[in-house]
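Participant: Sequence:
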Amino acid sequence: MRLNIVKLGKMDYSEALKIQERLLERRQKGEINDTLLLVEHPPVLTIGIRGNDSNILISREILGQNGVNIYEVNRGGDVTYHGPGQIVGYPIFDLNGHGRDVKEFVFKLENVFIELLKNEYGIEAYRQENKYTGVWVGDEKITAIGIAVKRWVTMHGFAFNVNTNLDHFKWIIPCGITDKGVTSLQKLLGHPLDFEELNDKVAEYFCKVFGMKPEAREISDLM
Numbered sequence: 000m001r002l003n004i005v006k007l008g009k010m011d012y013s014e015a016l017k018i019q020e021r022l023l024e025r026r027q028k029g030e031i032n033d034t035l036l037l038v039e040h041p042p043v044l045t046i047g048i049r050g051n052d053s054n055i056l057i058s059r060e061i062l063g064q065n066g067v068n069i070y071e072v073n074r075g076g077d078v079t080y081h082g083p084g085q086i087v088g089y090p091i092f093d094l095n096g097h098g099r100d101v102k103e104f105v106f107k108l109e110n111v112f113i114e115l116l117k118n119e120y121g122i123e124a125y126r127q128e129n130k131y132t133g134v135w136v137g138d139e140k141i142t143a144i145g146i147a148v149k150r151w152v153t154m155h156g157f158a159f160n161v162n163t164n165l166d167h168f169k170w171i172i173p174c175g176i177t178d179k180g181v182t183s184l185q186k187l188l189g190h191p192l193d194f195e196e197l198n199d200k201v202a203e204y205f206c207k208v209f210g211m212k213p214e215a216r217e218i219s220d221l222m
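According to numbering that gives the first Met the number 0, the sequence shown is numbered sequentially starting from 0.
Worth double-checking, as some hints may not be accurate.
Capping the alpha-carbon separation at 30 Å, the derived lysine-lysine pairs in BS3-like fashion look like this [as the list claims (entries may be wrong)]:
no.	residue 1	residue 2
1	Lys-117	Lys-107
2	Lys-28	Lys-6
3	Lys-17	Lys-117
Just the calculated beta-carbon pair ranges, DEER-fashion [said to hold, decoys possible]:
no.	residue 1	residue 2	range
4	Pro-191	Ser-53	17 to 25 Å
5	Pro-213	Asn-95	16 to 24 Å
6	Gly-8	Pro-191	24 to 32 Å
Simulated from the structure, these hints should not be mistaken for lab results.
Every residue, glycine too, gets a C-beta built ideally from N, C-alpha and C.
Construct the complete structure from the given sequences, taking the supplied hints into account.
Facilitator: Below, the structure is given as C-alpha cells:
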C-alpha cells in the first residue's frame, strides 16, 4: 500500500483542520489513498471530547491577548498544546484496510515513536498499557496521541515534541494528567534538532510500522 506524505509546513490550526475534514471526506469516498499530513502550528490549545476548561490554567482572555486560540475538537483525550518545534501529524487512514481495529491503530502510532527514538537516538520510550495513550520517556510524555474515527476513516493524530518550548505546557494540565510531565527530544539530547530531518524520520518510521510505501504529494493534488 502507498501512503501519501504531505508536508504542510507552518500553518494555522484552523486551516489544517479544514484540510483534514476535506481529505477525510475524500478518503471515505475512496478518491484518495491513505494520507499523512505533517504540520507545525503556531501556539494553540485544543480540547478533546473528554476535556474541560478546568485543565486550562490561565484565562482565555490572557491567552487571546497572546494570540493563542482554543479549539474544541472531536478527537479523543483532554486538553493539549501545539506550537513551534512540535511535529504534528494527521493520519487520514481508512481502517477498512487496516483490520478495522482502532486500538491496534493507536498501538502502531505509538510504535512509530518508540522505534524512532530507540533506533535513531538510543532513547528507551514506552507506552502506558491500559492507562494513558501516547509515548513516554520516564514519567514524561514526548508524544501525545488523540484521534477521531468517522465511518472507519481516521483524523486528528499525534504531537511529537522535538524543539518545543516546554514552558508553554504550564498553561495547561496536559491531557488532564496531573502527576506526569512533558519532555522533548531537545531536552533529552541537550541540543536542538534539525526539524526537517525529523519530519523525514517520522514519515520513514510511519511507513515501516504500517508496512507502506511513501509517496510525497502536494496538498493541492489531493483537495
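Participant: If a hint holds in the structure, say so; if it doesn't, say that too.
Facilitator: Against the structure, the hints come out as follows:
For the suggested pair Lys-117 and Lys-107, the alpha carbons sit about 15 Å apart, so the restraint of at most 30 Å is met. The hinted pair formed by Lys-28 and Lys-6 meets the criterion: a straight-line CA distance of about 23 Å does not exceed 30 Å. A distance of roughly 34 Å separates the Cα atoms of Lys-17 and Lys-117; the hinted pair therefore is violated under the 30 Å criterion. Between Pro-191 and Ser-53 the C-beta distance comes to about 34 Å, which lies outside the given range of 17 to 25 Å.
A beta carbon spacing of about 21 Å between Pro-213 and Asn-95 agrees with the range 16 to 24 Å that was offered as a hint. Taken as a hint, the range 24 to 32 Å is violated for the pair Gly-8 and Pro-191, whose Cβ atoms sit roughly 18 Å apart.
Hints 3, 4, 6 from the earlier list are contradicted by this structure; the remaining hints agree with it.
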